[in-house]
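Asks: Quick note, the sequences are listed as chains A and B, same order.
Numbering follows this note's numbering, in which position 61 of the first sequence is assigned residue number 61; successive positions increment by one, without gaps.
Numbering follows this note's numbering, in which position 109 of the second sequence is assigned residue number 109; successive positions increment by one, without gaps.
Think of the hints as simulated: they come from the structure by calculation, not from any bench.
Just so you know, not all the hints are guaranteed correct.
Each pair may be met inside one copy or between any two copies, as identical chains are not told apart.
Taking lysine-lysine and the PhoX-like style, the derived pairs with C-alpha atoms no more than 25 Å apart in a straight line are [said to hold, decoys possible]: (1) Lys37 <-> Lys47; (2) Lys149 <-> Lys136; (3) Lys47 <-> Lys136; (4) Lys37 <-> Lys67; (5) Lys47 <-> Lys145; (6) Lys67 <-> Lys47; (7) Lys149 <-> Lys47.
Residue-level listing of the chains:
2 protein chains.
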Amino acid sequence: MEAIVYQPIGIISSPYRTRAGMPIQAAGARGIRGTIKIFPEFGDGLKDLGGFSHIILLYHFHRTQEKALVVTPFLDDQPRGVFATRSPNHPNAIGISIVRLLAIEGLRLSIEDVDILDGTPLLDIKPYVPAFDQRKPERVGWLEKAQGKADQHRADERFK
Amino acid sequence: MEAIVYQPIGIISSPYRTRAGMPIQAAGARGIRGTIKIFPEFGDGLKDLGGFSHIILLYHFHRTQEKALVVTPFLDDQPRGVFATRSPNHPNAIGISIVRLLAIEGLRLSIEDVDILDGTPLLDIKPYVPAFDQRKPERVGWLEKAQGKADQHRADERFK
Numbered sequence: 001m002e003a004i005v006y007q008p009i010g011i012i013s014s015p016y017r018t019r020a021g022m023p024i025q026a027a028g029a030r031g032i033r034g035t036i037k038i039f040p041e042f043g044d045g046l047k048d049l050g051g052f053s054h055i056i057l058l059y060h061f062h063r064t065q066e067k068a069l070v071v072t073p074f075l076d077d078q079p080r081g082v083f084a085t086r087s088p089n090h091p092n093a094i095g096i097s098i099v100r101l102l103a104i105e106g107l108r109l110s111i112e113d114v115d116i117l118d119g120t121p122l123l124d125i126k127p128y129v130p131a132f133d134q135r136k137p138e139r140v141g142w143l144e145k146a147q148g149k150a151d152q153h154r155a156d157e158r159f160k
Numbered sequence: 001m002e003a004i005v006y007q008p009i010g011i012i013s014s015p016y017r018t019r020a021g022m023p024i025q026a027a028g029a030r031g032i033r034g035t036i037k038i039f040p041e042f043g044d045g046l047k048d049l050g051g052f053s054h055i056i057l058l059y060h061f062h063r064t065q066e067k068a069l070v071v072t073p074f075l076d077d078q079p080r081g082v083f084a085t086r087s088p089n090h091p092n093a094i095g096i097s098i099v100r101l102l103a104i105e106g107l108r109l110s111i112e113d114v115d116i117l118d119g120t121p122l123l124d125i126k127p128y129v130p131a132f133d134q135r136k137p138e139r140v141g142w143l144e145k146a147q148g149k150a151d152q153h154r155a156d157e158r159f160k
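The task is simple: from the sequences and hints, build the whole structure.
Replies: Put into structure tokens, the structure is as follows:
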């Protein structure tokens, strides 16, 4: 199939310069602030976004070099299929985070609960809408016991 | 900035051959079934995925040709900044849907609550995990009144 080509729409800034030590999910990043600079040519698309308290960010894991179809996640000691994990080593290194939107000033967004590396290229913003985005899953696989511990875990250098 | 290049990992099949008449969100697609065929080279990444009742699909809106920074959404009669909408006309046409995972047989995933066009190239699968993916937003902007009506709305041809 044809390759799909995207252009970054902006850059995410955060306090995390390296993956080691950073939170592995937003649950461990409560209160951590960052900013997004949207490139000028996309500024008009920000209209009305300020009405939303939470936004979905889709971005490119720009520091991830290795791909792997089986990985051992931070929250586990067993190798798992990469699609059953939130590791950055997926075949297409697309990250997703839901962050709190604090303010928009021109092309600059202030955000909170940030679990994203500094300098990350942003691909898309969508409003977070409970009626669209919330489910009540009956099963969360290997994460059943581990999901509540994400706030206590920090990343290490295992995912290059 | 450098362009980002992704390769589809599979293809989504659904009953929707055209956008007109299809649900605008999974809320209006309850019970609608589809399938995903994962390309053989990515099959090993599916290990352990069957333990999750819900999965996040990231895909490319392959039938969307026009980009627009301001759009009038299906659920509204006012023009809105595209990043404040879930329209497919974002600068990078990445779609996100949370679907129910019914079964995995080899490279074939059976899914339910599908609001995705037939033939859509799949970019990524992630497990849906409440501890990571659920927020309680205080504000959902222009969607405040409209979000509950998504299940009654069908798409038309406005987004080319």
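Asks: Treating 25 Å as the Cα threshold, decide for Lys149 and Lys47: within, between, both or neither.
Replies: between (37 Å within a copy, 22 Å between copies)
Asks: At most 25 Å between C-alpha atoms: does Lys47 with Lys136 qualify within a copy, between copies, both, or neither?
Replies: between (31 Å within a copy, 22 Å between copies)
Asks: Within a copy, between copies, both or neither: where do Lys149 and Lys136 come within 25 Å Cα-Cα?
Replies: The answer is both: 19 Å in one copy and 20 Å across copies each meet 25 Å.
Asks: Given identical chains, is Lys47 near Lys145, meaning Cα to Cα at most 25 Å, within a copy, between copies, both, or neither?
Replies: Classified as between; 18 Å across copies, 41 Å inside a copy.
Asks: How do Lys37 and Lys67 come out at 25 Å by Cα distance, when the copy is not named: within, between, both, or neither?
Replies: between (28 Å within a copy, 20 Å between copies)
Asks: Given identical chains, is Lys67 near Lys47, meaning Cα to Cα at most 25 Å, within a copy, between copies, both, or neither?
Replies: Classified as between; 16 Å across copies, 37 Å inside a copy.
Asks: Please work out whether the CA atoms of Lys37 and Lys47 approach to 25 Å or closer within one copy, between two copies, in both situations, or in neither?
Replies: within (15 Å within a copy, 38 Å between copies)
Of the numbered hints stated above, none is contradicted by the structure.
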